[in-house]
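Student: Protein chains in written order, with our numbering: chain A, 1258 to 1667; chain B, 1258 to 1667.
Don't take each hint at face value.
It does not matter which identical chain is meant; a pair holds if it fits inside one copy or across any two.
Unchecked claim - Think about it this way: if two alpha-carbon atoms lie no more than 16 angstroms apart in a straight line, the pair counts; the simulated EDC-like pairs of lysine to aspartate or glutamate are:
| hint | residue 1 | residue 2 |
| --- | --- | --- |
| 1 | 1563 | 1638 |
| 2 | 1622 | 1346 |
| 3 | 1259 | 1487 |
| 4 | 1259 | 1486 |
| 5 | 1578 | 1467 |
| 6 | 1563 | 1607 |
| 7 | 1284 | 1442 |
| 8 | 1259 | 1514 |
| 9 | 1438 | 1486 |
| 10 | 1625 | 1576 |
Just so you know, these hints were derived from the structure itself, not from any lab.
2 protein chains.
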Amino acid sequence: MKINYSTMTEHLGSSAVREILKITQGKDIISLAGGLPAEDFFPVEAVREAYSRALAGETSALQYGLTEGYIPLREQVAARLTRQGIPTDISEMLLTTGSQQAIDLLCKILLDPGDAVLVEAPTYMAALQVMNSYRADIHIVQSDESGMLPDHLEEQLRTHRPKLLYAVPTFNNPSGATWSKERREQVVSLCRRYGVLILEDNPYGEIKFDDSADAYPPSLAAIDRSCGEDSCVVYTGTFSKIVAPALRTGWIIGPAELIRVVAKAKQAADLHSSTIDQRALYELLRVFDLEGHIRLISREYHSRMKQLSAELSSRGWEDAKFEEPRGGMFLWLKLSTAINTTGLLPFAVEQGVAFVPGEVFYSAKPVKNAMRLNFTHTPPELVPLAVGRLEQAISQYSQILETTLMPTLE
Amino acid sequence: MKINYSTMTEHLGSSAVREILKITQGKDIISLAGGLPAEDFFPVEAVREAYSRALAGETSALQYGLTEGYIPLREQVAARLTRQGIPTDISEMLLTTGSQQAIDLLCKILLDPGDAVLVEAPTYMAALQVMNSYRADIHIVQSDESGMLPDHLEEQLRTHRPKLLYAVPTFNNPSGATWSKERREQVVSLCRRYGVLILEDNPYGEIKFDDSADAYPPSLAAIDRSCGEDSCVVYTGTFSKIVAPALRTGWIIGPAELIRVVAKAKQAADLHSSTIDQRALYELLRVFDLEGHIRLISREYHSRMKQLSAELSSRGWEDAKFEEPRGGMFLWLKLSTAINTTGLLPFAVEQGVAFVPGEVFYSAKPVKNAMRLNFTHTPPELVPLAVGRLEQAISQYSQILETTLMPTLE
């Protein structure tokens, strides 16, 4: 039967990352693709006991719950956010199926087809997917190493009158970059002035490689809240990287009125997220040293990042460049401009290594010679092998480039 | 800050049921509103052990999973569906956050604003909410006690060229009605002929009050699959009523190509539903006698339905009418046409009883003197009290009707 799909389906890209993950499953491929935290550090026993406590005798734990989410967990999350400089009341919060759902619901209630959204380049690919699914017009704000450029931001705010600015300003996925404090203040100030909401997506912000206090700038949300009334930053975070992804529990906070609208949208979408997972998280947080755990994984991820960094640097590939990220899960590697990393990928997979080609992280004018490398998931002892395989792939690919180019030079 | 919401938010009703549930929380109100299964019968210990097994040592249980859902659970669900006459392969299935998400995702990939959808009247309110959120044009197909009327269905198919027909043909929410076998065959046949997809929503179909084999007609999906190729029925079911709602795990099955498109939409919406819940369900189903459990709750619900039915009949309210449902969770009570049940509700709540006014279940031309009564959640010993309170409310309300009407008769 011929099915006539809605228009939005024409704008539904597939996740390049997930497609790659499917290819790599089951094969002898070392994957530096994927945004997978390290399984070795998942607190399985603690989580298991937490579920056991959550389901100990209370049948109401299995009943339908509130759309906004299990109140005791909201209270814990609100307390953590308040300690992180984002004073939050539970009426300003919704628990969601990961941050992905937070992004989807916010875009759903804000964006009509043709509405403008401002983003960085590069940025989180699945957020671009969501915006495209709502047929938004996505416009890039230029950045430098400190973050979005205020002058260009103002120009874009004026020109496009966007509904929303989406940013991952801390340990950005994919670039690993972090905006400076000053740049954050400027962006918040400009968006307030122009009455534009910011969605700050901060899944990695707690995975810091520098232990010292004040080593990192405050979140946009913290800066925004300290400006007083008329909040312009909507903030989403998640337990996916700091506890484990399968819990599918994140949060979105913002002005109470907006959160009520998001809640209505969520009601229609799935009634509510898993209350069993939410109760289990509550039970976990009551006894588990989450901050200690975060320090532990941060230290390990720091070590893995340094190892990948050293391995890459030691190779001396022509024109290869990268910045060591100060936290998070990803390293953004640029190769010679002669190399198209999308074209390189099949060679890499054949050699037994995977990465994410950089161009998928751009809404427009993609940079073609970059790749996102994840350092959290690969066992350290395999990193030299992985980088070696990448080197082989680059070598093969470059040779083929040369042989196919030669004829055109005659 | 003034927030300009998208157009869809204007079409986002609130769930009347959820709003009522909020009012009734914490007060001494016996709620016959809500679609809550009985907590007493939730298999808490079995579920608790299942989570424990799911998280026993395997860290990968906490990692990101497939959008389509945990394969072993999909296999179990496919096997059950096949036993129920709906031959299913796991490539034709997606696990979702309850059936609510299945409805939302299917509408998202099919409906552009203004696209037509055919429904019964009354029907599941939160499905109407979803369709409205996509700005579909909803048209009613007339029914009688056997289900949709084929002649009117054909007329509506011709006139409106709908994208979708949505139905709850077994123990309908809210009416409790069940379509006859013949009517099901006619509807499937017509939709196949006109190339229109049917979404069969079947959350209650296994809660049967009659134990005998062949007491109930086959699902639309089973009939459709037996017609051979060119499937026109998309089918959604859930563990919410037969195990417990907090697990938020349902399934959608359909033509493989369509399921792939639904999967892409789900990817953008929330990456995937809780894999911990899915693994736990898999572990549960390996050892738990689910069919025995369903027989147990069905017997109890049958008993509760009979009790409510007897209590209502014994009161002899003027012009009150209802049919005993043959399964499921709801009884549809009609009162005298002088009574507007939406107007009656505040009186009922004041007396300490709640129900859902019937008009919320209509996309148009609502019947105003009906109400949906849930019989699964109220402890049996409270039913006479609940019905007594309803009687008081009707009495008060009727008196006020008389006193306010009198002046107009002069």
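Student: If you test the structure against every hint from before, which numbers come out violated?
Tutor: 2, 5, 6, 7, 9
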